[in-house]
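K.L.:
The chain contents come next:
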Amino acid sequence: MFTRTHGARALLAAAAISIAAIASSCVQKDDAQLVIYAYDSFASEWGPGPVVIPAFEKATGIKVELVVPGDAGQVLARAVDEKASPLADVIVGVDGNLLPKALAAGVLSAYEPKASASVPPELVLDDRWRLTPYDWSSFCVMWDSEKLAAPPESLEDLTRPEYERKLILMDPRTSTPGLGFVEWTAAIYGDGLADYWKRLAPSILTMSPGWDTGYGLFTAGEAPLVISYTTSAAYHAEYETAGRYRALEFAEGHPIQVEGAGIVSGARHRKAAEAFIDFMLGDEFQSALPLTNWMYPVKEGVALPPSYDASRKPAKTVSAGLGPDELDGAVRAALDALQGR
Amino acid sequence: MSASDPVRLEMVELTKAWPGQVVSVSMVAEAGGILAVAGPSGCGKSTALRMAAGLEPPDSGRVVVGGRDVSALEPSRRGIGMVFQDYALFPHLDVAGNIEYGLRTRGVKAAERRATVSRLLDSLGLSGFERRRPSELSGGERQRVALARTLAVEPAVVLFDEPLSSLDAALRKRLRSDIVDEQRRLGFTAVYVTHDLEEAMAVGDRLAVMADGRVLQCGPPDELWERPASAEVAAFIGSGPCLPVVRVERVERDDGVVVAVTSAGRFAAPADGLSALETAGARLFFDRSAATPCAAAPGETGVFSARCVRLDYAGDSLECVVEADGAGLSSLRLPKTAEARVGDMISLRVPEAAVRILPAAAR
Amino acid sequence: MKAVRSGRSSLPAAVLFPAFVAALLVPLGAAFMPLFDGGAASNLARAFADPRFFRSFSYGLSQAAASAVLAAAIGLPGAFLIARRDFPGKRLLSALSAVPFCVPPLIIAVGFVLYYGREGFLNRVLMAAFGLDEPPIGFLYSFAGVVMAHGFYNFPVVMRFVGDAWATAPRRHEDAARLLGASERRVFMTVTLPSILPSIGAAMSLVFLMCFYSFVIVLLFGGPGVGTPEVELYRAARFEFDRPLASAFALVETAVAMGALALYAAFERRAAGDREESERGAPTGFRGAGEVALAALYGAFIAVCFIGPLASIVAESLTIRSASRVGSGLGFGNYVSLFARRGFAPALANTASLGLLSAALASVAGFSLSVGLKRARSPILSKILPLLPLGVSGVVLAYGWSSALGRSSAVAIAAVQAVSAYPFALRAIQSSVGLSDERYVEAARSLGSSRLGAALRVRLPMAAPSIASGFAFAFAMSAGDANALIAAPVAGFETLALLLYRLAGSYRLNEACAAAVVLAIGTGFIFFVKDANDVRL
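Residue numbers (this note's numbering), protein chains in the order written: chain Z, 1 to 341; chain W, 1 to 363; chain F, 1 to 537.
Don't read these hints as lab results, they were simulated from the structure. Computed from a predicted model, the values in this text were never measured in an experiment. Treat the hints loosely; a few may be bogus.
[To be verified] Cβ-to-Cβ under 8 Å is the rule here; a few derived chain W residues that face chain F:
| no. | residue |
| --- | --- |
| 1 | A53 |
| 2 | L73 |
| 3 | S76 |
| 4 | G81 |
| 5 | F84 |
| 6 | H92 |
| 7 | G102 |
The beta-carbon is built from N, C-alpha and C at its ideal position, and this holds for glycine as well.
Whole structure, please, built from the sequences with the hints as guidance.
P.N.:
Have a look at this one:
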């Protein structure tokens, strides 16, 4: 019989072992020569991190500590919190929407990489190079050709009655593609944004909290249209038979999302940080992006894998050119329109 | 109130079987009397009560109240009320709310309800207690409220299911006499279940002893005390020694008396139709207070010899625990004048009238 | 802490109590701090002026209230069955009470989509059976969908809480009412219901709290643009970087939750008080064919509406999608690839060690506090404070921790999880006889034992079974929790629950479902082994 005393001892032993295990797992490593804060999917098993970080360490001999504060917003938030005595040298994952906030907080410092000329000018988000872009993609509506015969051809088409409850969006308060879609409507409709969202409301099945759940609903067949990236089509082409899920190109043009990394102001390992930014625009890093981060590399001339044939870059790019406050205003206007006020 | 016309309650072969246990009882509570039911815990006495009340559906048997078979009726239509263990007063209702509960279910008008409540409270000495909560009452007050609640719907019979079992000894004694007083005053028929034999004998006009789901004996308490029907009853009541009978000898008398031989003595006792062949397993019983000390007289009929192992002073008498050969320990009441010492063999004369031969257990 | 007598005698409580208060109040303070950035009054005024404020609160409150009502409606028949009837499958039914605490809401949401969705199991079956073109069940993406999901997710809480009370509800009182002429309905309304009402209230306040803080289910099913205070708080903090506004939301949100908590505590106390003097009767078999039919109907209802979505998760974990995503097959491929993942073994080990640590913290704290609190003089301190973690949102707590600590660690995560699990550990431990009956300790003290010695040598062994229950429960809660790690990630420290989120977040839903099944089997096993009946939630 398992007596009480044994039970209590086993409990104590288990607790002691777990304390030891945890304590050993979080011994502070301070021998790092470069501290990078990155968002979770960058660092995850199937993200670019496990490919590019060892490659960087091998190429430069610099030992990297990769810290994952959460999503891109949390990466920036952590950097802002630590502004007085920064622990991070580089933050990875700041996009066009987060950049104004990062600049306003003054957490980034300028460094123009040696290969800066290889980045097309339309992808350069900050002409003082406080943020160096590394990849990009276009927002688009993905179409499930099995479930819907005639896809929409424009944002305006989405409001037609035949698409009632056929569109999955992401919530702009909690997700980047969600915010991207609001920006898209702002770019096309300007002041007519609220009116557009009122007309769009019947078509929306739901607004999911993040891209993952929304896209999951889409592939589960809940609705045949979802907001995503044009590169999603390449993903399907890589792992599945191409053709069922297609990226729709709208004549009005598509907004793009550009992701970049920057050196933290007052970074403790400035030289190593600069080396990383340079490495980021090298072929090894850039060519890893399409199949790990599922985005286009920013560097021109990097060969794309064959699956990217399914992912055409839209002919026309649009931008609402909104400041951070204006974008917040657009989100509010869109949500208010949905709530019928 | 029910007092006007007390009725008789009969339980006729009320039977309920579970895996491993069967309760099957027949009992009669005489009109206007109290039938006390005693037995060890788990003997089925509460089940019997619940079957009578209709709270536990029996497998078979009948319940007859005042000559009317009520077996098929709902609990509330049988004219049976019940006072529960710990009284089961509704904690969220005040005293008036508790007492008028049954009247409300019967659709009695508010004014009439109020009148009944205050009349009952008056008669139980609880005037002005209407708005009290059960938690604010003393044990005795709770009991009276429980009684009032039961009596409010004027039952012909009131069942008491171990109402005092969780109270301390002093309070129990007082409250049980309260119950008897109220019953005498109001005259309702009552069945009173308890595991406490002393309580049962004090309360009941008649006493039923139960064990293993059966009624072993039912009769006036003194009859059970002096003339237990079986060794089982005698052992439960503890009113005297039960000595194994070795053999029975016929004597040449014509009054049906035989001599039963035990290892602690020979005793003459009424044969009561007992045949010699049935003596296997029979016991010899005598009232524990009937024995008186005498000079040692080995082999003499009517003399009991045993070793005294303990002697306790019990006020008006001495309680003497004796060990007899083959009969284990028994407790006797001796006059204070008795000269016994612990460790001595003592001899006691037992009058023939106090002796009974109890048949072997039925099973 | 004035209310706890200091000195050697209550040493563990004297040390642990402030530590625990700190574990809760420090992050809470850190989360509220930014409110004073530029004047608390003006920040609060700004929050109140924002139309989103009232919209989110009215939505949050109404969906939580409706969900609590639905959970009660579904849970009450179950409570009756668990308390009063014996039937095959009873243990399974009562084991369901682990679900709301140990299965992450994301998985519940996925299960609901797979089962109730437009392309879900139910709709496909109905469309095939009746030759329909449109899915007949379309409630999922609406207010009703949120309430349904919450109601079904949380009904086991009501079932368990009320079932416990119902099992000890006074049967003699019911018999008394019956004899006094009350019909069964009237017996229930006038006797049984008043005695279980406090526990219904307690369970409903708890469900209300859990739904008020719900995030994924509200956003996914609530219809476009709805938001609870939790969502607005997240948005203000993460996207608008408006910390003062976020703090204002957090403050009001916490205040509302504290209201619900006070209600819970009040109900709990009444429920406990009523229970003291009542007896526990053994459940019986069904009475009559009508009852069997109703119970079977209820069982079928639970199976179809609640087990269905959970089963869909299992089915999804066994589904192998073909490359064209048109057809699919069955197999263990998802499990094979999950187990083969580099991160799987460490995640398993981390889940175990994190769970053990947080469960150890929660049960040690639970035990010491339940001993210490017995002697606390202030009722508010002893009643409300232990429950406080229930009223603090996970987002606020983890956010506060990460900003208070700067760099989070696995130990901090274990502390956060222990804080959220310990009200339940405490509840389990407090129910033990060794703690509720002072006589044993008095006996030990009279034999010369010190108070501490008495606590360790008498209370502890007597409470061991219920401490084990609390421990198992805290472990399961920790294992199923990913929020703390998502909000305050620790470098290189991944658990099974976090892996599950990452898999779901990287378009590997089948594998995520496999991870959920592994998690559920692991935690469910603990519950099943530890007889579900003595884990008093």
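K.L.:
Does each hint hold? Answer for all of them.
P.N.:
Here's how the hints hold up against the structure:
1. Hint status for W/A53 relative to chain F: holds, with the closest Cβ pair at about 6 Å, below 8 Å.
2. Evaluation of the W/L73 hint against chain F yields a violated restraint, the C-beta minimum of about 12 Å exceeding 8 Å.
3. The beta carbon of W/S76 comes within 4 Å of a beta carbon in chain F, closer than 8 Å, and the hint placing it at the interface holds.
4. Interface hint status for W/G81: upheld, as the beta-carbon distance to the closest one in chain F is roughly 6 Å, under 8 Å.
5. Because the smallest distance between the Cβ of W/F84 and any Cβ of chain F comes to about 4 Å, under 8 Å, the interface hint for this residue holds.
6. With a cut of 8 Å, the hint placing W/H92 at the interface with chain F holds, because the nearest CB-to-CB distance is about 4 Å.
7. A least Cβ separation of about 3 Å between W/G102 and chain F falls short of the 8 Å threshold, and the interface hint therefore holds.
Comparing the model with each earlier hint shows a violation of hint 2 alone; every other hint is respected.
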